[in-house]
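Listed below are the residues making up each chain.
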Amino acid sequence: MATVIKDIEIQPNIPISVLFEKHANFIKEYGQKENSYEYGMTDYLRVSGMFWGLTALELMNTLPKQSKGEIAEYIKNCQDPESGGISACLQHDPHILHTLSAVQILCIYDNLNAIDLDGVVRYIASLQLSDGSFMGDKWGEVDTRFSFCAVATLALLNKLNAIDVNQAVEFVASCKNFDGGFGSRPLSESHAGLIYCCVGFLSITNRLDVVDRDTLAWWLCERQLPSGGLNGRPEKLPDVCYSWWVLSSLSILGRLHWIDAEALKKFILACQDTETGGFADRPGDVADPFHTLFGIAAMSLLGHESVQKVNPTFCMPQHVIDRLQLKPQMMID
Amino acid sequence: MSDCSSDENENDTILYRDRPEWKDVTPLKQDDGDEPVVAIDYTEAFEDCYDYFRAILKKKEISERALELTKTAAQLNSANYTVWQYRREILKGLGKDLNEELDYIQKVILKHSKNYQVWHHRRIIVEWLQDASKEKYLTETVLAKDAKNYHAWQHRQWVIRTFKLFDGELEYVDTLISDDVRNNSAWNQRYFVINNTTGFTDEVLDREIDYTLNHIKTVTENESAWNYLRGLLLHGKEGLSNNKKVTDFCEELYKSGNRSPFSLAVIVDMCFEQLNEGGGDSRYTPQRAKELCEELINKYDIIRANYWKHMIEMIDKTMKDENIESSN
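Protein chains in written order, with the UniProt record's numbering: chain W, 1 to 333; chain V, 1 to 328.
For reference, chain W alone in the conformation it holds in the complex:
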């Protein structure tokens, strides 16, 4: 049988550099369009959306410093006084995803005291189940994404001791598969996004010993396709966000050099929208802040000199992680 690989073809006329100015404008203007239907449509992910946009801007050295107060005020109003959790936008229910995003934003602005931090800690601790896993909110969805959110939030607040870390590690370890990867729950299929969550989790909890380093790193570098782009699972199409999930995991494992960096750069550059600015998942698709952050952050891991250094565990500027004196575990030879 002939070999058919799911992939895309990169056109010859792709941009050869990162269009920084366009991307900065793209993010600043996002949602300020005349028809901001998108704004209403995206309120359920507003705070995370702010994190993607603001982090991308900071990595490109264009963070609007004057927005510090306004943004803190918005986040403060999204905090539920009862549970302590933070919601995606005003009047929504709190969720661990947005609680982490909010804390990340406030860390970038060095403005953590704007919210009730004890409340955040209380909220995260309340979501841990007896098997060590974490729910995303009070409705009980369990997923390794939430394990990552929990320890990342608490580590940023220097409050990891508020949860049962050993039990949390056991749950994540139970999601390790025979191919070295991790899924959302025990025996769920390995998936690069969830691998990032689990590897990031183990990096924060200083338990990378759980990982089968080279089995996993090989699986991760198998994600690179002839186009240079990375997919998230076997036989899926490449997508810029996996440039981040796969690369950050490989960085933490000290195996970043196992992928072909030049080929990946070419793919990422091809995903830029030369007209509107921003990155799309694949060349020719519509750009959005999510893929823009991961495109920029991946370029940082690939050593682009005009992008600030990003921390692979937290997906935050390294200078912020240094200021907080955090040292998430990394594997080095």
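To be clear, the hints were calculated from the coordinates, so they are not data collected in a lab.
For each residue, glycine too, the CB sits at the ideal point set by N, CA and C.
Among these hints, one or two may not hold up.
[What the hints assert, rightly or not] Label-pair distances were calculated between CB atoms; the ranges are:
id: 1; chain 1: W; residue 1: Met331; chain 2: V; residue 2: Lys29; range: 47 to 53 Å
id: 2; chain 1: W; residue 1: Gly254; chain 2: V; residue 2: Gly279; range: 44 to 50 Å
id: 3; chain 1: W; residue 1: Glu262; chain 2: V; residue 2: Thr218; range: 42 to 48 Å
id: 4; chain 1: V; residue 1: Gly279; chain 2: W; residue 2: His319; range: 49 to 55 Å
Fit chain V to the given chain W structure using the hints.
What follows is chain V alone, placed relative to chain W:
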């Protein structure tokens, strides 16, 4: 992101502000603080619906009309998790027939099958009902369109494990693998079923190895099947390099001129295993592994050249360590 077509309810075309049964509610505009971060101008139907949604959410109104409103709100934006949470509170408060809710959510899932919120809503309703009889069919419908849909697989695994519905699952997986031998989700499900039922006993392992090798024979460049084979061998006593069936298969494939990188990778690892564990199979020498690595670097897997260079280094390092050991 979401389509606004109204096939649910013909009322959808009438804005809430024009409906007599909503006259007593004052719509609540989105309040983004004094200085909105971003200016807002929604499409009319969206704005109308969510203004009323915010108003009744604030009052926590539990009523038929509120239930109906959540339907419109979910239709306009199925990813809005607050809408689903509020809907569940109403369903409970009114004591609604949850089977009707299952029928409704099925329609939403078929439209928005990559949405965390709708699947989670489904799961909670199934939990409340303690009836999972419709779940296999639903996930099969979704997987027929997208055989790797992660949400559908997660839901299916949860249902199968929680309600002990393993019967027939291996046959279903087999159908999927026959349709697309590279379907990694299906191979993973195969592992899931065996792990949760018979376990990897000697007989099962033998059967599964045959099954996998047969599928590799048809498509040799298939990461999923090769990974599954490696996963199986982790359960055996023979490791990677001492299972005669597997080694014979790989050697025959090699002799036939096949150079699938996955097959070469397995041979490299067989050599490395023998080097580490002192096996006596003369086919699996460090020299052969290094030669294969060179071929992978230069010809068969150029993009991962650095990985294969790493393997050469590991082999050299192990040989050196062993030499030091034996000379001591």
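Checked hints:
1. Met331/W x Lys29/V: 47 to 53 Å: Holds, at about 52 Å.
2. Gly254/W x Gly279/V: 44 to 50 Å: Given range 44 to 50 Å: violated, Cβ gap about 29 Å.
3. Glu262/W x Thr218/V: 42 to 48 Å: Cβ of Glu262/W to Cβ of Thr218/V: about 35 Å, so the range 42 to 48 Å is violated.
4. Gly279/V x His319/W: 49 to 55 Å: holds (51 Å)
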